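S.K.: Next come the chains, spelled out residue by residue.
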Amino acid sequence: MADKVKLRSSDQQMFEVEEEVAFQSLTVKNMSEDTGLDAPIPLPNVSSKILAKVIEYCKYHVDAEKKADDKPSKTEEEIKTWDTDFVKVDQSTLFELILAANYLNIKSLLDLTCLTVANMIKGKTPEEIRKTFNIVNDFTPEEEEEVRKENQWAFE
Amino acid sequence: MGSPKAPVSQATQHPHNVQPWGNYLFAQGKDTRNAGLGRLRALDDEFLMQVLALLPAETLGRLACVNRAFYCFSNHEDLWRALTLEAPELEGKWRFKNTWQQTYLKASLPIHNFHRKHPLRVQGFYSDLLYQPWHCTTVPLHSSWLKRDTIDRRTGLSVEDFKQQYELPNKPVILQNTIDDWPALLNWNSKYLKKVFKGNTILAGDYPMGFDNFLAYSQRSRDEMPLYLFDKHFASKAPQLAADYKVPKYFDEDLFSVLGEAGRPDFRWLIMGPPRSGSTFHKDPNATSAWNAVVTGSKKWIMYPPSALPPGVHASDDGADVACPVSLIEWFLNFYKESQKGPVQPLEGICRAGEVLFVPRGWWHMALNLEESIAVTQNYVSSANLQHVVDFLKGGRAELVSGCPFEQRGRLHDAFLSALQQQRPQVLKELKRQQQRKQAAKAPSQLSALFSETKSVEQPQEFSFRFS
Chain D
1 MADKVKLRSS DQQMFEVEEE VAFQSLTVKN MSEDTGLDAP IPLPNVSSKI LAKVIEYCKY
61 HVDAEKKADD KPSKTEEEIK TWDTDFVKVD QSTLFELILA ANYLNIKSLL DLTCLTVANM
121 IKGKTPEEIR KTFNIVNDFT PEEEEEVRKE NQWAFE
Chain L
1 MGSPKAPVSQ ATQHPHNVQP WGNYLFAQGK DTRNAGLGRL RALDDEFLMQ VLALLPAETL
61 GRLACVNRAF YCFSNHEDLW RALTLEAPEL EGKWRFKNTW QQTYLKASLP IHNFHRKHPL
121 RVQGFYSDLL YQPWHCTTVP LHSSWLKRDT IDRRTGLSVE DFKQQYELPN KPVILQNTID
181 DWPALLNWNS KYLKKVFKGN TILAGDYPMG FDNFLAYSQR SRDEMPLYLF DKHFASKAPQ
241 LAADYKVPKY FDEDLFSVLG EAGRPDFRWL IMGPPRSGST FHKDPNATSA WNAVVTGSKK
301 WIMYPPSALP PGVHASDDGA DVACPVSLIE WFLNFYKESQ KGPVQPLEGI CRAGEVLFVP
361 RGWWHMALNL EESIAVTQNY VSSANLQHVV DFLKGGRAEL VSGCPFEQRG RLHDAFLSAL
421 QQQRPQVLKE LKRQQQRKQA AKAPSQLSAL FSETKSVEQP QEFSFRFS
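Protein sequences, first through last, are from chains D and L. Counted the way the numbering used here counts, the first sequence spans residues 1 to 156. Counted the way the numbering used here counts, the second sequence spans residues 1 to 468.
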């Protein structure tokens with residue numbers, strides 16, 4: 001019978017999660033080694049909305065690695081597709097996921113979200129990048145011209 | 001190397017005028033970073049840098065045009081260094097210009113009229129991640145970091161005295177006047193190395209490059225942790241170099257030689273680097289000891305005994321993973337003072353041209369090149385550390401054994417012992433005698449049982465208590 005870990009979000013919601021899934025987070029793993037599995041582990045930096053998503057991610061990945069008949073239950077292709085869908089969220093959710101993945105120390109989720117942000121920037125013009133992230137152009141006209149000249153090669 | 005009292009001048013300011021985060025607390029108003037990152041302000045500098053590290057050059061170039069904050073981030077040299085060194089299509093093609101960015105662009109773009117860059121100086125941008133490396137490159141070395149000289153220095157030591165006073169007790173020493181007859185002391189300089197490496201590449205930071213390209217980099221780079229030449233194949237690439245030096249008499253037992261050059265783990269390296277290059281705290285592999293001879297230049301060494309952990313260094317419980325997260329200069333800035341006050345004092349000293357440092361088995365050590373330096377080093381096994389090396393290899397953790405192909409690692413223990421049996425049976429006999437004496441001395445008393453609980457940081461499962 002799998003051991004369960006109790007996690008408490010910042011808004012005091014309780015989540016009961018299998019140990020294997022919870023320990024995808026090194027932070028949770030380390031904390032439980034100090035306090036044991038009986039007491040709930042407080043996660044004051046993670047809201048219930050985000051924690052639910054993180055748990056969903058960890059659960060999927062634990063299941064995907066499980067082997068039946070010596071084959072992992074999900075192919076790399078399937079996992080990639082699932083991951084791509086998983087991060088199709090609005091920006092503020094994405095950034096909250098990043099902060100949670102960082103705090104909870106879940107490397108694969110950090111890598112995934114990092115790649116997601118990178119893909120949001122790749123191939124865009126400066127104006128498109130500004131629009132995507134609501135960035136203000138604070139160059140003076142002279143600076144902008146200078147910088148543009150310097151980086152002309154990136155537009156050719 | 002600047003004088004410790006040099007005022008902060010224009011020359012030491014970050015090229016884009018990035019300020020350390022601490023200055024923000026005293027600034028009035030303007031915060032270009034948070035205002036400038038839009039929704040991305042939620043992410044810290046480390047994460048942003050990780051994102052940028054995934055981007056191709058064109059995207060970085062466009063990102064630089066977004067606004068001042070992104071201009072600073074996209075121009076961070078670490079990004080361009082990685083782009084240059086990791087691009088398989090650029091290997092062998094790049095030539096170091098004044099910055100990694102220029103180097104990359106020159107190598108990867110077709111004949112192109114470069115707009116000569118005058119770095120934009122930004123106001124109100126605070127970032128430790130971007131500022132610190134620049135600061136470490138330019139801050140003058142404090143005289144206090146160089147003053148302490150506590151490693152023994154000996155001249156004219158006999159081999160027997162060396163073994164009794166240093167090798168067996170496992171204590172460092174700087175040996176003077178022991179390599180005076182090396183041709184290397186007369187021959188080795190950039191011009192000579194350029195000649196002997198002609199047509200070959202050398203390894204710097206594990207990347208292959210031509211020697212003259214490495215030299216250009218060495219002389220012009222402003223990297224916080226400069227790449228340095230560290231090549232284990234120097235003798236096969238340039239046999240003259242092997243002829244220019246010989247192993248000092250104290251170290252010629254060299255037991256791994258019974259495995260032959262093909263069968264033995266990596267054992268010798270040519271080292272060359274610009275000022276401020278060097279290596280952060282580590283222990284040498286396979287429980288071997290080492291000697292390091294400075295041929296030109298000078299190195300500052302700081303050494304900690306095996307059971308002490310230097311400040312700023314983190315090691316996993318089994319000692320397999322060591323992290324020294326800060327650069328050499330950053331270590332000096334943040335931890336040197338602390339190292340002077342701790343319960344275990346490190347041994348320190350500057351090794352100059354013609355001097356040889358003995359690095360005993362298991363000692364933590366770090367080396368900082370104070371000027372451009374050329375050195376040669378070898379790791380070795382002698383009767384003094386044979387038992388430890390054998391125990392280490394027997395431990396069976398292939399991933400901890402280093403310097404030979406992975407497939408060989410598990411078998412190294414047996415291969416070594418059988419080769420010793422064939423070629424140096426006396427050495428094995430003596431080893432067995434030592435083991436028997438140890439067994440006999442292990443009285444099952446309460447006292448020894450108490451101490452056998454002690455685990456050292458040094459190696460997995462090694463019994464660390466010593467009666468001496």
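Don't take every hint at face value.
Said to hold, decoys possible - Output of the computed footprint for chain D on chain L, the stretches with three or more beta carbons under 8 Å from beta carbons of chain D:
(1) 132-139
(2) 284-297
As the list claims (entries may be wrong) - Here are the simulated EDC-like cross-link-like pairs (lysine to aspartate or glutamate), alpha carbons at most 20 Å apart as the crow flies:
(3) D:Lys122 <-> L:Asp45
(4) D:Lys122 <-> L:Glu86
(5) D:Lys49 <-> D:Glu76
(6) D:Lys107 <-> L:Glu430
(7) L:Lys106 <-> D:Asp11
(8) D:Lys107 <-> L:Asp152
(9) D:Lys122 <-> L:Glu371
Keep in mind the hints are simulated off the structure, nothing from the lab. All values reported here derive from a predicted model rather than from experimental measurement. Cβ coordinates follow ideal geometry from the N, Cα and C atoms, glycine included.
S.K.: With reference to the structure, classify each hint as holding or not holding.
M.R.: Each hint tested on the structure:
no.	hint	verdict
1	132-139	violated (count 0)
2	284-297	violated (count 0)
3	D:Lys122 <-> L:Asp45	19 Å, holds
4	D:Lys122 <-> L:Glu86	19 Å, holds
5	D:Lys49 <-> D:Glu76	27 Å, violated
6	D:Lys107 <-> L:Glu430	50 Å, violated
7	L:Lys106 <-> D:Asp11	54 Å, violated
8	D:Lys107 <-> L:Asp152	46 Å, violated
9	D:Lys122 <-> L:Glu371	42 Å, violated
This entry does not satisfy hints 1, 2, 5, 6, 7, 8, 9, going by the numbered hints stated previously.
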